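Q: Place chains D, X and S on chain U using the hints.
First to last, the sequence lines map onto chains U, D, X and S. One point on numbering: in my numbering, the residue at position 55 of the first sequence is 55, and numbering is uninterrupted. Offset between the second sequence (1-based) and my numbering: plus 170. Offset between the third sequence (1-based) and my numbering: plus 340. Offset between the fourth sequence (1-based) and my numbering: plus 730.
None of these hints come from the bench; they were simulated from the model. Because the structure is a prediction, the values reported are computed rather than measured. Just so you know, even glycine gets a beta-carbon here, dropped at the ideal spot from N, CA and C. Don't take every hint at face value.
Unchecked claim - Label-pair distances were calculated between CB atoms; the ranges are: (1) D:N280 <-> S:S825: 45 to 55 Å; (2) S:S941 <-> U:D62: 56 to 66 Å; (3) U:D62 <-> S:R904: 17 to 27 Å; (4) S:A822 <-> U:D109: 18 to 28 Å; (5) S:P863 <-> X:D685: 52 to 62 Å; (6) X:R514 <-> S:Q946: 38 to 48 Å; (7) S:D943 <-> X:E445: 23 to 33 Å; (8) U:A47 <-> X:D686: 20 to 30 Å; (9) X:E445 <-> S:D773: 30 to 40 Å; (10) S:A822 <-> U:D67: 46 to 56 Å; (11) X:A413 <-> S:D960: 33 to 43 Å; (12) U:A47 <-> X:Q559: 39 to 49 Å; (13) X:D582 <-> D:T339: 25 to 35 Å.
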Amino acid sequence: MNKKNILDKWIEGYSRRIANVTSRRSFITRLGTVMVGMAGIPLLPVARAAGGDKPMDADPGDPKSCDYWRYCAIDGYLCSCCGGSVTACPPGTQTSSITWIGTCRNPADNKDYIISYNDCCGSAACARCFCHSNQGDTPTYMPFRSNDINWCLGEAYNCSTAVILGVATS
Amino acid sequence: MNKKNILDKWIEGYSRRIANVTSRRSFITRLGTVMVGMAGIPLLPVARAAGGDKPMDADPGDPKSCDYWRYCAIDGYLCSCCGGSVTACPPGTQTSSITWIGTCRNPADNKDYIISYNDCCGSAACARCFCHSNQGDTPTYMPFRSNDINWCLGEAYNCSTAVILGVATS
Amino acid sequence: MMKFLNIQTNRRCLTAALLLLFPLLCSAELKPDPMHQVLTLPDKPHPHWVWVADISAASYFPGKAYLMDADKADMLGMITMGYGLSPIALPADGSAVYTLERHYERTSRGKVTDVVGIYNGVTLQLEKEIIIPAKKISAVPYLSNVGLSDDDRFLLIYNFTPAQSISVVDMHKREFVKEISTPGCGLVLPSGNRRFLMLCSDSSILDVTFSDDLEQVTQKRGKKLFQSNDDFLTEKPVRYGDEWLFVSKSSFIYPVNVSSDKISVGDRWSLTTEKERTDNWRIGGQQHLAIHHQNGQLFALFHQGGPESHKDPGDQVWVYDVASKKKTKEIKLKNIASAIQVSQDDNPLLFSLFLVYPTLDIHDASSGEFVRSINEVGSTPMLLQTPVLK
Amino acid sequence: MMKFLNIQTNRRCLTAALLLLFPLLCSAELKPDPMHQVLTLPDKPHPHWVWVADISAASYFPGKAYLMDADKADMLGMITMGYGLSPIALPADGSAVYTLERHYERTSRGKVTDVVGIYNGVTLQLEKEIIIPAKKISAVPYLSNVGLSDDDRFLLIYNFTPAQSISVVDMHKREFVKEISTPGCGLVLPSGNRRFLMLCSDSSILDVTFSDDLEQVTQKRGKKLFQSNDDFLTEKPVRYGDEWLFVSKSSFIYPVNVSSDKISVGDRWSLTTEKERTDNWRIGGQQHLAIHHQNGQLFALFHQGGPESHKDPGDQVWVYDVASKKKTKEIKLKNIASAIQVSQDDNPLLFSLFLVYPTLDIHDASSGEFVRSINEVGSTPMLLQTPVLK
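One chain only, chain U, in its complex shape (with noise of 0.2 Å):
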């Protein structure tokens, strides 16, 4: 019987970091307390295809593993594997207006890239891929690299993309 679900998958995310108990080192660019604010941009409706697509080379990792580079500070479902892919919301879903950010390094380039973790709204959690990374991550009462804020704020929480907004020179 397969038994592994949601909750087993929780437990492996925690592991690994359980075990883990060197320290990675931390990517932190400091911003203070910056939001990224886009209200009253309109959705925009992409095809499949093509918001599944991204360059393999200076960009890899697998978008539906919580090993991804850019997932380094992300805590929710990961969209890629929820009907969206790892910049684009599933169909059904909106975008959040605003959004929390994280720095993480691409192993390709190894550059700190400013990632925003832009939540899929107005649904039911979707419950897959769950991956908790806290690099950088800070309490609520600094709300804007928190990821344990519900960014759909007012709306249900479907799922979590990470969207490239540029480089951090260190």
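A: Chains D, X and S alone, transformed into the frame defined by chain U:
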């Protein structure tokens, strides 16, 4: 890590019956489509200890266990595990105004009892002690012995009790 | 304290305003991604898509419908549907997904509102809600609790309050039309453009026809199909052309033909041999029949168990040629299952799942070989529905 | 078709009408049970009760609060609370349970309504709903997102839209009073009858006092508590008498005294020795501090992990004497935990759970011995709250 959860309980219940390929004796007493209706009867709040009482010799077994004899045609979460008892709803819920019934043999006196499976309503499911037995269960188009129906009807389902209505002569 | 920044989509560099706050390098190897994208589905459903409906049994809500791509082992999208779970309805042109939803004013309490949801078939965005009488059956979901007329115009909804009736919704006009009282009879089995059958508690069939405006409704009650509750028909029949194939608790098929004005009940035939019955093989589970229309194949979910095990999951799917009433194959499932479904193409897939595990199993419906599993499909999935392809 | 029968409660035999339908024997050994009973709780909460709040993470709703009896390994009741999850609030007299609930018009979509629910402390039935501004923070639930004034009169609710504010609800008058704007500061930490603290994103403390009618509100912003985000204070402080004990990511305690008009920040002290820090022992989890008020003991949830593991679960609970700032015990948990709580009696119990398993573990808080586990407490429980016993 203790991984015993609701899913495992469900599996246990099913597995027991899957393993048991010999048919258990059917205790069905044919009642046709009679509905035991009690709409309009006020709730009777009772203190917890009183509600939990049950004569043990004449009524053997553990009301928190799916093996308890009264549960021969139940489908749902046992109120005995949810803050109620075998005959009473948990605090914070309301009793359903109508019910489905089953006929179960009491091993103490070897008599068949008519059991009314009164659902408790108005809250999300309790999700404890799932129990699914189908002695005498009928399809939903023969509703009054069908345990597939949410007998809270217009309300949310919390758990199920097993109330003795009386003894059925064969 | 907080600064809101407007960021242009599809931009190559962040704006100058943003540069003042972030130390950004425009020569980055990876370009900024476009923002605020929402994916759409292809214009037409693919035959290897399957909708998996989840009842979320830890609370019994929300009902969720997951659209899965069996070939790519991927999820395509989902719809959240309120309290409990009813099947969805899929018009053949793929333009929409119809849902049947119950909502409470306060999530799990307060005023009840039942609605039909019309979701765009390509965007899965809600296009319209049609409020209907708050009477839909609240139960373990069966496909026979809701159905579309053969021409996809009327959505037929089985009500149980416990008074029994059918709500009729005109999907062309997108409005509720009428409630038809059907005391003593349950389920709704579309059987033409303006006709449906119901099963009554005395084992007779109710044959209902209606006019476009629902002003004229004719109900004909047939003879009893069986004499004893001991071998009742399950609520899980399948439609095959002009016939509804019912199965009884002890695995007899009762074919009911709706091709003429008067329904005709064919001879019953058994899915099991006498030896198999002695060995306690019987049908079981919550969705235990499926039809491949073009191949004329009936798929039935079997297990070994006692006479009261009619809802227990199965570990084998037996395949029958409906015309000859012969078993042609036994498929041993990778995992036990409570629901099965088959895709409607030339390379059919057999879908199966067991409601206590959120795993969708896929077998080759012809060879019976296991193909793959897709994990994490909800929490307690119950129903499998494939696109209608006409 | 259907017959409704009135059945008297507490009757010894069924009525004659019923006898006509059922072949019943009045001489049955077991008497008919009373019908339509609903249990109540005892008048007063027991110190070994614990509320377990479940966020139902497979959908992120409904939030459910389970009341468990640790001694009897039994469930006493539950409350369903709508979308997401906020902590409950427990007035010391045990007369009520206050909830903070979010409801959508259509279960998961549509108009949002936030309410404070007042549930009777003995029946757990909803007595009243108070509609409040639909602004409550939607987040991983922390106890510091809602709180009662020390005299239990005012319920204080942290809003995040992302504008930050506090909603004040008068629980005596049972009405919403006012929203206090608190830009840049989050959480709500009751610190007297008409006073609360907040933590601001620049690491300063906001000290807010208010009059009964909320006409007068005074806000004082303190100095920064720490200089770097590298060792921020977590959102999970505990109140101990006149002090709030905050803990930093690297396990330093920052005591903040609220006994006088001006808050005073005491010297920070470390929960770990240098050796323990070298061995990567650090605080973690979603609810990682607990206080036994009478014994003056602080319980802290520890694990070994990297500097970014501040939300990872722990496998040990370390016990400190707050007065002497010394560790007095290490408790090795039966199972890893993301939340801990301690009962407030002379024989204290240590409660713990890990959000991915619905199991409540109970240890003897004095000896550290494992006592028992209680299974099936929701699906993804997150918070532990014990009755306030005054």
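Q: Now tell me, hint by hint, if it's right for this structure.
A: Hint check:
Checked against the hint of 45 to 55 Å, the pair D:N280 and S:S825 passes, with Cβ atoms roughly 49 Å apart. The supplied range of 56 to 66 Å is met by S:S941 and U:D62, whose beta-carbon atoms lie about 58 Å from each other. The hinted range of 17 to 27 Å is not satisfied by U:D62 and S:R904, whose Cβ atoms lie roughly 53 Å apart. In this structure, S:A822 and U:D109 break the distance hint of 18 to 28 Å, their C-beta atoms being roughly 58 Å apart.
Taken as a hint, the range 52 to 62 Å holds for the pair S:P863 and X:D685, whose Cβ atoms sit roughly 53 Å apart. Taken as a hint, the range 38 to 48 Å is violated for the pair X:R514 and S:Q946, whose Cβ atoms sit roughly 55 Å apart. In this structure, S:D943 and X:E445 meet the distance hint of 23 to 33 Å, their C-beta atoms being roughly 31 Å apart. Taken as a hint, the range 20 to 30 Å holds for the pair U:A47 and X:D686, whose Cβ atoms sit roughly 26 Å apart.
For X:E445 and S:D773, the hinted distance range of 30 to 40 Å is satisfied, since their beta carbons lie about 32 Å from each other. The hinted window of 46 to 56 Å between S:A822 and U:D67 holds, with their beta carbons roughly 48 Å apart. Here the CB-CB span from X:A413 to S:D960 is close to 42 Å, well matched to the stated 33 to 43 Å. The hint said 39 to 49 Å for the Cβ distance between U:A47 and X:Q559, and at roughly 47 Å that hint holds.
Judged by the Cβ atoms, the range 25 to 35 Å given for X:D582 and D:T339 is violated: they are separated by roughly 47 Å.
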